[in-house]
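*Asks:* Sequence:
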Amino acid sequence: MSTPITPSISVHRPQTRFALVDVNNFYCSCEAVFNPKLAGTPLVVLSNNDGCVVARSAEAKLLGVKMGQPWHQVPPEFKQQGLRALSSNYSLYADMSHRVMTILGAMAPRQEVYSIDECFLDLTGMERLTGSLRDHGLHIRHRIQQWTGLTVCVGIGSTKTRAKLANHIAKKNPEWAGSFDLDALSMEDQTHWLPRIAVSEVWGVGGRLTEQLRAMGIHTVQDLKDAGAKCIRARFSVVMERTVKELNGISCLDLEELSPPKQQILSSRSFGRHVTTEADLREAVLTYLSRACEKLRAQQSLAGVLQVGIRTNPFKDGIPQYNKATSCKLPEATDDTLVLGQYASKMLSALYKPGYIYQKASIMLTDLSPKAARQITLFEDTAAREKRERLNSAMDQVNRKFGRRSLSLAGSGIEKTWSMKRGNLSAAYTTDWRALPTVQ
DNA sequence: TCTGGGGTCCTAGGACCC
DNA sequence: TCTGGGGTCCTAGGACCC
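Under our numbering, read the first sequence as residues 1 to 440, first letter to last.
If you are wondering where the hints come from, they were derived from the structure by calculation, not from laboratory data.
Be aware that one or more of the hints could be misleading.
[To be verified] Calculated lysine-lysine pairs in the BS3-like style (CA-CA distance at most 25 Å, straight line):
hint	residue 1	residue 2
1	295	387
2	171	262
3	66	230
4	371	295
This structure is a prediction, so every number in the text was calculated from the model and none was measured.
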C-alpha cells in the first residue's frame, strides 16, 4: 500500500467569522429607555393577556422570577420588593428592533435578522479594516448604546453555533465588557471555557436532548464537541450532527440574508374573558382570519388550506375540555379575506359545541404558494376578481395608514368584548404622534 | 381569577406507483 | 418451496428556536 499523494493547493480564503449580536433584556430595556425611572428596578414584561413573564430586567432575574412563569404564580413577596409588570407593547418593541437592526446592518457587509432582538453579522475578513474583531464588537456595542439607549452583547466565532456560544460567554462574564471572540483564543484557552459551560446552553440543545445527552455522559459543551459527529448522528438526527460539526468549527449553517416566505401563517389568541357563544367565537375567528390574510398578502402568497381551531383552557381542572381543529382544502388557492371568511365561518359552525367555556381560537393558513405563479382557471370572471383584489388591497392600505382593524369584516365585531387584556400597557412612544415623549 | 404566540425542521410510517 | 424493490408523497408527532 502506498500512501496517496494529494496535491497541496493553497487558496487563501479567510476563515469565516460570524457575530451574534443581541439586545440585553430587550422588552424591559425598551420600556426603560422611555421611562428612565424603571432603569435599575426589577421589571418584567408579560405575554398577551398578561399571562406569562416573557422578559425580565437584570434585577428581576436576581429576585428569582423565572422565564415563562405565569404572572399569577410569581410570589407576592417579589411584588412587595418592588417588582413591577408591564403588558407587552409590541408596536414599541418592533420599532426599536427596526432601529437596532438598521444600525447593525451598516456595520457589516452581510446581516441576517434572526429574531426581534438578535441578528447574525458576517465579519469574515473584517479584521483588516477594524483591527481585532472583538474591538469591532465593542464598537458595535458603543454605537447601539449611544444611538438607541439599548445595550447589546456581541459573540464572535467561526460558525453560527460558536458565535451563539461566544455571546453566552460575553453575557455571563462582565470582564469581557460585552464582546467576546471565541476563535481569537488559543486552543488551550478554549479548553478553559468549553468544559465550564453546560451542554444545555448550546444552540439547538433543549430540555429533552439535554436529558438524553446526560444519560450518555455528555454534560458540557466540551463533551458534546468531542463526542464525534458520526456517533451523534447514529443516535440523533442530522440536526444534532450539524451542531457537533459547528462546535468543531465546520460551518454548516449559512447566513440567510433574505428571509424566505413563510410556509405557514398562524393567527391565534387567548380571550380576555370567558367565551361561550358561537357569535363571540365567530367574531374572534373572523378577526384572526383578517390578520392572517393581511400577513398572507404582505408576503404575496396564496393559501391552499385553511385550518380553524377552538379550545377550552387546558390548565383548568374540573371543567369539560374541548379542543378541536378542522382543515379544509380550498378549491382554489386564494388570499381573499371575504372568501376565506365565508369558509372559516362555516367551519366554525361545524366545530362549535355549546356548553363549553372557550379560551382560545386559532386560524392557520398552509399549503402556501407564490401569488405570481397562480394558474388562471377556465371560467374565471376576471373583472370580478380584479375588483375583489382592489377591495382587499384598499383594506390593507387603510389599515396600514389608520391603524390595524380600522376597516374590517362586519362579522369580526365592533366591541370585541372578548379581546385580550393588557392592563398595564406603556405608550407607543415612537409610533403614535399622540404618545411622543415631551421634554419639560 | 389569572397559564403567549408565533415559527422551523426532521423522522417514521403508510399509501401508492411503477 | 417460492412471495421485489425502490421511489415519492402525505401526515402526525416530536424536537427546537425566540
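*Asks:* So, for every hint listed, does it hold in this structure?
*Replies:* Hints versus structure:
no.	hint	verdict
1	295 to 387	20 Å, holds
2	171 to 262	31 Å, violated
3	66 to 230	37 Å, violated
4	371 to 295	13 Å, holds
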